[in-house]
Amino acid sequence: MNALTVLVKVRPGREVELKDVLLHVQADPARNEIFHVNEDCKTHCARWMVIHDTENGFRLLLAAEFDGDLDSYLTELLRITPGIDKIFSNCEGYPGRDGFNDFIRRNYYETQAFYIAFRDETVGTIRDKIAVRRTIERLLDRYAGWAVPLLEALGRLPVAHSFAKSVRQGMQKARIAFRDWWVGILLDIIKPITQWGQITNYSRVTDPADVQVGRNLSRLDGQMTTITEVKPWRYPRLRLAMAANEFLAKYGYDPGQFANVGTLYSFRWVLIDNRKRLIFLSVFDGSWQNYMGDFIDKIIWALDGVYNNTKNYPPGGMKQIDAFQAWILSCQYQPQLLFKSYPDETVLNLIRDRKINQSLAAQLYAAGGFDSEEARSLLQTL
Amino acid sequence: MLASPPTQSLAPSFLPDVQGIVFSGYGQLPHARYIFFHFTSRPEARAWVASVLPLVTTAEPYPVVNGRKQKPDKALNLAFTPAGLVALGISQETMDTFPLEFVSGIESRSAILGDTGISAPENWDVGGPKNPVIHAMLMAFGREEHILAAFVAEQEKLVERTYGGVVQIVEESGYRHPDQKEHFGFHDGVSQPDIDGIGRVPHGDPSCIKRGEVVLGHLNAYDTYPLSPVVPDSQDPAQLLPRLPDGAYPHLRDLGRNGSYIVYRKLAQDVAGFWEFFEKHAGADSFAMIQLAAKMVGRWPSGAPITLRPDFDDLRLANDNQFDYMPQDPDGYRCPIGSHIRRANPRDSKVNDTPDESTQTSSRHRLVRRALSYGKPLFRRDALDRGEAPIGLQDDGHPRGLHFFSINASITRHFEFVQQTWCDSPTFNAEFETKDPIIGSNDGKGYMTIQGCPVRTRVGNMPRFVTVRGGSYMFMPGLTALRFLSTPLQSS
Numbered sequence: 001m002n003a004l005t006v007l008v009k010v011r012p013g014r015e016v017e018l019k020d021v022l023l024h025v026q027a028d029p030a031r032n033e034i035f036h037v038n039e040d041c042k043t044h045c046a047r048w049m050v051i052h053d054t055e056n057g058f059r060l061l062l063a064a065e066f067d068g069d070l071d072s073y074l075t076e077l078l079r080i081t082p083g084i085d086k087i088f089s090n091c092e093g094y095p096g097r098d099g100f101n102d103f104i105r106r107n108y109y110e111t112q113a114f115y116i117a118f119r120d121e122t123v124g125t126i127r128d129k130i131a132v133r134r135t136i137e138r139l140l141d142r143y144a145g146w147a148v149p150l151l152e153a154l155g156r157l158p159v160a161h162s163f164a165k166s167v168r169q170g171m172q173k174a175r176i177a178f179r180d181w182w183v184g185i186l187l188d189i190i191k192p193i194t195q196w197g198q199i200t201n202y203s204r205v206t207d208p209a210d211v212q213v214g215r216n217l218s219r220l221d222g223q224m225t226t227i228t229e230v231k232p233w234r235y236p237r238l239r240l241a242m243a244a245n246e247f248l249a250k251y252g253y254d255p256g257q258f259a260n261v262g263t264l265y266s267f268r269w270v271l272i273d274n275r276k277r278l279i280f281l282s283v284f285d286g287s288w289q290n291y292m293g294d295f296i297d298k299i300i301w302a303l304d305g306v307y308n309n310t311k312n313y314p315p316g317g318m319k320q321i322d323a324f325q326a327w328i329l330s331c332q333y334q335p336q337l338l339f340k341s342y343p344d345e346t347v348l349n350l351i352r353d354r355k356i357n358q359s360l361a362a363q364l365y366a367a368g369g370f371d372s373e374e375a376r377s378l379l380q381t382l
Numbered sequence: 001m002l003a004s005p006p007t008q009s010l011a012p013s014f015l016p017d018v019q020g021i022v023f024s025g026y027g028q029l030p031h032a033r034y035i036f037f038h039f040t041s042r043p044e045a046r047a048w049v050a051s052v053l054p055l056v057t058t059a060e061p062y063p064v065v066n067g068r069k070q071k072p073d074k075a076l077n078l079a080f081t082p083a084g085l086v087a088l089g090i091s092q093e094t095m096d097t098f099p100l101e102f103v104s105g106i107e108s109r110s111a112i113l114g115d116t117g118i119s120a121p122e123n124w125d126v127g128g129p130k131n132p133v134i135h136a137m138l139m140a141f142g143r144e145e146h147i148l149a150a151f152v153a154e155q156e157k158l159v160e161r162t163y164g165g166v167v168q169i170v171e172e173s174g175y176r177h178p179d180q181k182e183h184f185g186f187h188d189g190v191s192q193p194d195i196d197g198i199g200r201v202p203h204g205d206p207s208c209i210k211r212g213e214v215v216l217g218h219l220n221a222y223d224t225y226p227l228s229p230v231v232p233d234s235q236d237p238a239q240l241l242p243r244l245p246d247g248a249y250p251h252l253r254d255l256g257r258n259g260s261y262i263v264y265r266k267l268a269q270d271v272a273g274f275w276e277f278f279e280k281h282a283g284a285d286s287f288a289m290i291q292l293a294a295k296m297v298g299r300w301p302s303g304a305p306i307t308l309r310p311d312f313d314d315l316r317l318a319n320d321n322q323f324d325y326m327p328q329d330p331d332g333y334r335c336p337i338g339s340h341i342r343r344a345n346p347r348d349s350k351v352n353d354t355p356d357e358s359t360q361t362s363s364r365h366r367l368v369r370r371a372l373s374y375g376k377p378l379f380r381r382d383a384l385d386r387g388e389a390p391i392g393l394q395d396d397g398h399p400r401g402l403h404f405f406s407i408n409a410s411i412t413r414h415f416e417f418v419q420q421t422w423c424d425s426p427t428f429n430a431e432f433e434t435k436d437p438i439i440g441s442n443d444g445k446g447y448m449t450i451q452g453c454p455v456r457t458r459v460g461n462m463p464r465f466v467t468v469r470g471g472s473y474m475f476m477p478g479l480t481a482l483r484f485l486s487t488p489l490q491s492s
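Just so you know, the sequences run in chain order C and Z. Residue numbers for the first sequence follow this note's numbering, so the first one is 1 and each next one is one higher. Residue numbers for the second sequence follow this note's numbering, so the first one is 1 and each next one is one higher.
Bear in mind the hints are in silico, worked out from the structure with no lab data behind them. Any given hint could turn out to be false.
As the list claims (entries may be wrong) - In silico BS3-like cross-links for lysine-lysine, where the CA-CA straight-line distance does not exceed 30 Å:
| no. | chain 1 | residue 1 | chain 2 | residue 2 |
| --- | --- | --- | --- | --- |
| 1 | C | LYS250 | C | LYS298 |
| 2 | Z | LYS157 | Z | LYS130 |
| 3 | C | LYS19 | C | LYS340 |
| 4 | C | LYS19 | C | LYS86 |
| 5 | C | LYS250 | C | LYS165 |
| 6 | C | LYS340 | Z | LYS157 |
| 7 | C | LYS276 | C | LYS165 |
| 8 | Z | LYS157 | C | LYS319 |
| 9 | C | LYS231 | C | LYS165 |
| 10 | C | LYS231 | C | LYS191 |
| 11 | C | LYS311 | C | LYS191 |
| 12 | C | LYS298 | Z | LYS445 |
| 13 | C | LYS9 | C | LYS276 |
| 14 | Z | LYS445 | C | LYS191 |
| 15 | C | LYS355 | Z | LYS445 |
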């Protein structure tokens, strides 16, 4: 999976028109004439939104997580967006359809830290796994009459214990135990560093005015896009915090299980405007409230570490829960157009889908034949 | 277990400032009226609040005479909607310090709550766009029906004295049947959170929830004070309201102190449809019908948790709430993962959490629930406890259901979270295409998965057994705040 982050200036006075075009697409993704969103088979998640700050005025932010290389992605984007001119003609410097790829590359920003739940999956493989699980569910519904006796019969077969299998399982356990050990040690080191400078004697009373923040946001669930201002001279510390996040995200946890949260598809940070501002883009399961709960209970170290390098962050960090929520809402933007490839599936669903598919594939290709114990435990996960 | 008021000697000093319904389900008062009002005159409305104020029941411990608690034979509580607070003269400055979900109202939260289709606010009897705007709700309770009737008559006289300044919109009746069951036939209200220092719960007990989870002005689960509505000093010339805790923001006064948010839901129950469904899926076999229904609820009709008694109902466990899922039922073979009680309070069983993490998360989303039935029972529910299901049950066309109230310090973190993230989510705890089988916004297309060995079974085409017929988000002020709201405004 790769990431695309593009920021382009909106032509003066054209921000409302641009928003209207995007909202028009969002209103009918399947049948609008501008952007055939439903034909997209490379994008995991894409969001288009108009952002604003006093220094830069209105800008269009396009952020997407996609499969393959950038050129082929942009070619595909052009193919399914016959009305691309209607969108980008509202932006400064847009040369037209023929110069689209170069235009995007000129306004492209690198991602500094990137967590992906399933690095080895594409939109296609995820959709395939969902389809396999749905088929198994339907088969079990329809043919429960023979499936139950069959599985009971399988249960009576002797369990195939091979030496190789035992060794494999033992090594897997040892690998996980070793990984948990070094992650634990690393976190013990990282946590006090990331929260260094934060105060503990903060006020337990939140500013009553904070309750008003975010009242303009109507759709908070499922994705978060924030733009914060980096404090002067904090770039090295910020970079270190982001690197720690990325390292742990890559090597510290099983796929889909960053910090054992189990609700994060992806998150990433992108520095813009000469390291002055920081964009955070995440895709998550369920409600914003649930997301906040996960933040505070499980990954307080990760976010405190990054955000205490940004302006107006609560002095006590995320532990000042209401102040933190007000702060993050004050930095949050709502996309005019949001597209997710598999919106009805949670990360935990996908973890289970992967397990089912991998186990089935292993069974089919196993030289030693059908493993009744594994088959039973597999189906019992449904 | 319903929380009972504490004994006098151990009672925290703030209790006389909290309305009684917050900490007590008034178990001795099984008859209720919920009367909804609209204000047309600010001075008259304030005068009405002043006249009701002395009658409001507080959470103050009951007096003890000769070793016996003297429980009252009637009780009264009062709550206001945002529109009601504005009608009483609360300034926009103060309204801006109430949370968005409260100010925008329950009707605007339909998508989050699953109040769609026949449950949409357009179809409601109470609240919603087609009915008069609710400003206040009076909750009156009585030991006997005639005591309650006389009490309500007194209230009507107080309303008459406002000469139309306070108009009654609708009156709803509720009752607790002696069998303690709701209309489907299940013992209701068993699981309530224990609150720090309230009732028999000692102060500092780690298994209970913090007071600030329920009432404003007290520390919550995050060791901070919940966001509380405030009034500028200048708008409280008599200095009735307390200052914010810890001397914070000294130019403001705390309107929320000892108050709570209260969510009202009128929930119609399709009793005949409920049992017809189980008859269809389990055959006309009483035990199989009851067992399947119990799998969906998570408790047997007596209230006994199926986690503790998976094979048969056990009246001895009717009020048992001291259990967790993970020690004996991690996979949902006893109590399905998607069952009603395992969604509403997953306890230690949230997938992907350790039991301790799950218990902590669950404790941050507990609801103080108060519910009474309306409408006559459709069948003899005590027969369920003898293993007799109502086979061939026919609807009689009369409305019946539950007046449900959720009392919390945060509507989003408590009521809305449980409804949206746990009960109505098709993917709760890594499930697929399932919603709460009892209160979910099922549309006839979803499933209920019943985990089992060797393989799960799924019950398809789940219909909606519970329809929302009314609702409102209200604020139930503390007694001091009520006094503030009852004081004549200088401008009026």
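Okay, the hints, checked on the actual structure:
A hinted pair counts as satisfied when its Cα atoms are at most 30 Å apart, and LYS250 (chain C) with LYS298 (chain C) qualifies at roughly 17 Å. A distance of roughly 28 Å separates the Cα atoms of LYS157 (chain Z) and LYS130 (chain Z); the hinted pair therefore holds under the 30 Å criterion. Between LYS19 (chain C) and LYS340 (chain C) the alpha-carbon distance is near 19 Å, which keeps this suggested pair within the 30 Å criterion. A C-alpha spacing of about 11 Å is found between LYS19 (chain C) and LYS86 (chain C), which places the hinted pair at or below 30 Å, so the restraint holds.
Simply put, LYS250 (chain C) and LYS165 (chain C) have alpha-carbon atoms about 27 Å apart, close enough for the 30 Å limit, and the pair holds. Restraint check: the Cα-Cα separation between LYS340 (chain C) and LYS157 (chain Z) comes to about 59 Å, which exceeds 30 Å; the hinted pair is violated. About 53 Å separates the Cα atoms of LYS276 (chain C) and LYS165 (chain C), which puts this hinted pair outside 30 Å; it is violated. Between LYS157 (chain Z) and LYS319 (chain C), the direct Cα distance comes to roughly 50 Å. Violation of the 30 Å bound is thereby established for this hinted pair.
This hinted pair does not check out: LYS231 (chain C) and LYS165 (chain C) have alpha carbons roughly 54 Å apart, beyond 30 Å. Between LYS231 (chain C) and LYS191 (chain C) the CA atoms are separated by roughly 20 Å; this keeps the pair inside 30 Å, and the hint holds. Using a Cα cut-off of 30 Å, the hinted pair LYS311 (chain C) and LYS191 (chain C) holds, with the two alpha carbons roughly 20 Å apart. This hinted pair does not check out: LYS298 (chain C) and LYS445 (chain Z) have alpha carbons roughly 35 Å apart, beyond 30 Å.
As the CA atoms of LYS9 (chain C) and LYS276 (chain C) are separated by approximately 17 Å, the hinted pair is consistent with the 30 Å bound. Restraint check for LYS445 (chain Z) and LYS191 (chain C): not satisfied, since their Cα atoms lie roughly 47 Å apart, outside the 30 Å limit. Note on LYS355 (chain C) and LYS445 (chain Z): the hinted pairing holds, with a Cα-Cα distance of about 26 Å set against a maximum of 30 Å.
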